Amino acid sequence: MCKASNEPGGPKRCSADMRARAQESHDRVAALEQREREIGELLDARRTYGSEAAFRAALNTRIREIARTTGVDSAEVARRFALQQFVSRLFDRDPESWLVTGGTALQYRTAEARATADLDLAATRGVEDLTAALTAAARRRAGEHGEFVVTVSPGSGPGAFTGKITYLLNGSRFSVAKLDVAAGRQFPFEPDTLVPDPVVAIDDVRPMSAVRTYSVSSHVADKVAAMYELHGSSGESPSTRSHDLADIVILSRCARVDAEELRAAVRGQEQRRGLVVPTPLSLPSEQWRRSYPARVAQAGLPAELRDADAALVEADRFVGAVLDGRVQAGTWDPDRRSWNPL
Numbered sequence: 001m002c003k004a005s006n007e008p009g010g011p012k013r014c015s016a017d018m019r020a021r022a023q024e025s026h027d028r029v030a031a032l033e034q035r036e037r038e039i040g041e042l043l044d045a046r047r048t049y050g051s052e053a054a055f056r057a058a059l060n061t062r063i064r065e066i067a068r069t070t071g072v073d074s075a076e077v078a079r080r081f082a083l084q085q086f087v088s089r090l091f092d093r094d095p096e097s098w099l100v101t102g103g104t105a106l107q108y109r110t111a112e113a114r115a116t117a118d119l120d121l122a123a124t125r126g127v128e129d130l131t132a133a134l135t136a137a138a139r140r141r142a143g144e145h146g147e148f149v150v151t152v153s154p155g156s157g158p159g160a161f162t163g164k165i166t167y168l169l170n171g172s173r174f175s176v177a178k179l180d181v182a183a184g185r186q187f188p189f190e191p192d193t194l195v196p197d198p199v200v201a202i203d204d205v206r207p208m209s210a211v212r213t214y215s216v217s218s219h220v221a222d223k224v225a226a227m228y229e230l231h232g233s234s235g236e237s238p239s240t241r242s243h244d245l246a247d248i249v250i251l252s253r254c255a256r257v258d259a260e261e262l263r264a265a266v267r268g269q270e271q272r273r274g275l276v277v278p279t280p281l282s283l284p285s286e287q288w289r290r291s292y293p294a295r296v297a298q299a300g301l302p303a304e305l306r307d308a309d310a311a312l313v314e315a316d317r318f319v320g321a322v323l324d325g326r327v328q329a330g331t332w333d334p335d336r337r338s339w340n341p342l
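Per the UniProt record's numbering, the sequence shown starts with residue 1, numbered consecutively.
Don't read these hints as lab results, they were simulated from the structure.
Treat each hint with caution, since some may be false.
Quick list of in silico lysine to any residue cross-link-like pairs, SDA-like style, CA-CA up to 20 Å [what the hints assert, rightly or not]: (1) Lys178 x Glu147; (2) Lys164 x Ala117; (3) Lys178 x Ala75; (4) Lys178 x Asp129; (5) Lys178 x Pro191; (6) Lys164 x Gly143; (7) Lys164 x Pro154; (8) Lys178 x Thr135; (9) Lys178 x Ala123; (10) Lys164 x Arg140; (11) Lys164 x Asp118; (12) Lys164 x Thr131; (13) Lys164 x Ala136; (14) Lys178 x Glu190; (15) Lys178 x Ala132; (16) Lys178 x Asp118; (17) Lys164 x Val176; (18) Lys178 x Gly155; (19) Lys178 x Ser156; (20) Lys164 x Ala137; (21) Lys178 x Leu168; (22) Lys178 x Glu76; (23) Lys178 x Val150; (24) Lys164 x Gly103.
Because the structure is a prediction, the values reported are computed rather than measured.
With the hints as constraints, model all of the structure from the sequences given.
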């Protein structure tokens, strides 16, 4: 028998007691894991579709119907569904390590968003092995169908990674999307939390997880700075990304933002990228007038905003007014598309 620690010769810790406590802890963990397996088996047994082949067939039928009624290409609907499944699983298991940025974040805010072929993520915590972390987070949840294969490799800049997400159903590829991950990037403003509407309403899919996206002010500032960033070996070639203008207009139609926060976000981007945003806003080059209509063809913008000059007027009322002092403080009203002063 173990002696008490206050008895002569009594040890500080009794190895037999420690072994017993360790065994109890092990047994509790084993019982919880067994219970989790049982719940998983129960959820799988209750699935509407008895096989991945049946789920895939039903999903394709739903996607074709959505494409027919909305005019969105069926491959784009399938890609959006796959990305939404991936992101939902990712944030369900690890909600604090990631932010959704870029075009996917815009899609989660509004149906007017352009089509996008990739998922932009920011890793807000240190992630040593991105492939392992993303694969583990996105593994199949009980009651669902399909698996994801994720590959990630270093990108062109510090903390930049690129990769591919492949959604497999019934053992074969259903949809593929590109992946861009930024690690170590700082976001000065509190992220927004959204619960996106489901792309496809179908059984055997869990409710969409709450997703963290970077703030509206950060999103707008990123797009504004991208418009005026110079490229090429000489650093004199203007941006050709006319879709950035469309994204600014789309954000102005769906999101509220504080004027002072927006101004600070744009100034931060100017400092980070070494540029100055002109006021009033202007088109970076004449080429934008030609390329803009095609870039926004799949966006949900009204016809009058599919012209580059008209879109520029809208963007200047939203952003330029804050930068040149026409608006000092207030909140943007996306319904009226105007600034409400404090």
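Item to check | Enumerated hints in conflict with the structure, sorted upward | outcome: 5, 6 and 14
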